[in-house]
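Participant: Taking the hints into account, I'd like the entire structure generated from these sequences.
As a plain string of letters, each chain reads:
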Amino acid sequence: MMARLQRLGRYGCDSLETLGRAGLFLVQSSFGIPSRMGWYLWLRQMHFVGVLSLAIVLVSGLFIGMVLALQGYTILVDFGAEQALGQMVALSLLRELSPVVAALLFAGRAGSALTAEIGLMKATEQLTSMEMIGVDPLRRIVAPRLWAGFVALPLLTVGFSVVGIGGGYLVGVEWLGVFEGSYWGNMQASVSFIDDIGNGMVKSLVFALVVTWIAVFQGYDLIPTSEGISRATTRTVVYSSLVVLGLDFLLTALMFGSLS
Amino acid sequence: MSDTPLVVVKDLHFSRGETSIFRGVDLRIPRGKITAVMGPSGTGKTTLLKLIGGQLVPDAGQVLIDGADVHALSRKALFTLRRRMGMLFQSGALFSEIDVYENVAFPLRVHTDLPDAMIRDVVLMKLEAVGLRGARKLMPAELSGGMARRVALARAIALDPELILYDEPFVGQDPISMGVLVQLIKRLNEALGLTSIVVSHDIKEALSIADYVYVIADGEVMAHGTPDLLNVDDDPRVSQFVHGEPDGPVPFHYPAVDFLTDILTPGAQS
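Chains as they are written, first to last, in our numbering: chain A, -14 to 245; chain B, 9 to 278.
Everything labelled a hint here was simulated from the structure, so no lab data went into it.
Note that the coordinates shown come from a computational prediction; the quantities given were computed from them, not determined experimentally.
Take the hints with a grain of salt, since some may be wrong.
What the hints assert, rightly or not - To list a few chain A residues with every Cβ distance to chain B over 12 Å, as calculated:
id, residue
1, Arg(-5)
2, Phe64
3, Gly93
4, Arg216
Said to hold, decoys possible - Here chain A is said to cover these stretches of chain B; the calculated rule only asks that three of the stretch's residues, wherever they fall, bring their Cβ under 8 Å from a Cβ of chain A:
id, region
5, 42 to 51
6, 99 to 112
Glycine included, C-beta positions come from ideal geometry on N, C-alpha and C.
Facilitator: Structural data, given as structure tokens:
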């Protein structure tokens, strides 16, 4: 019993210590005025993290929009309310599905790649050698990746929503024959810029921060062996997914809990 | 001034978790010379370099470089000090996303405002010194181990450091590139007036270029002196190491229970 308590205590202390390290890591790497080189490095990472994630995010967005329209139609049509399809698709996407699903995909596509990349740099002593050259790897390697993730995910989320609404249109209007005017008109009337689009973007910014933070920290903090890299990559995806879903509930409760 | 050692390690203690790695190591690295630090694998030679470079913090003791206590410096001052040092890593540690030319140019680009034309001249000069000027367009993944180490050497000397740390420069090299590296280290040291610390367990090579040798074992300096002195040292541990005898005071076997007892205990799985 004592041993179990002791283990629990040790686990708690270790977790707190890791959290502290992660916090310091975030502060040390993310603040500072970027040089011209810094902008260049950031743009390069925007390509790796953002542009290369575009395909998976957009295709998923299209299918999710189409499925939403299909499922929504079969329910709404029973109540003769299929004109509200546009509003249903848009609100589900903007408030929930785009930020959450894009963040989950992003964690799988870009987060795991970031962890593995930084981890491999650590394993091959590139980070140490950079330090010995007198360049801080936190500023040179970590900061551009952190900022790229922070900017890229919200943009990907916008893309996800746009394509998703388009997918809903294809299925709802073109295939199932919902009146085009009511699809767009109801959407326009019911979507609020601040409450729906704004809150969705806030969610997305929060997710972008935690997912990229987890990814680069796991890479930087891992044990530099092949096993260490594989574990850290797995942890990135698992932790990111759990944190995104948990935070989503919290944020939804704060943002939409009072709307009724 | 030139008589004072460039690097002084005073009573260094360091442990990793439960295992203590150094228990009071004292070193004096003379200026302009090649000092070899030798010892069996696992005695923390790489750790020693990381302590000198300020990447690890000792439990007790000091590392003074040109009079400055490495571990008492601010992060910024430490990074400034590191510009005066070069370090050659065992794996080369080249940046894998940029080519050979950019790897060598990297320290120049971050620490100087030199125009591109001048950076080009310096880079080609350094690459010429290691004989790889023709390989400048290659990516690190396309280099052999020996070539990667020579490129890393060119990068380490790009800023003309005063002190250069070599971490096992001879490990895993074929005889030819081993010979090339030995020559290079010696020639660079003479031509540039560098102070070099070579950490190695390749006794023949290390003794052939070193001006002074430290042998570290069991967390302490076991012996030190010029290569000639070490060759005739009659301490059995030193002589075992220097002459490469497999078993002796430094045991061949990892500590274990008696072999016969182990064999005759059928119940125990491991």
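Participant: Failing hints, ascending?
Facilitator: Number 5 only.
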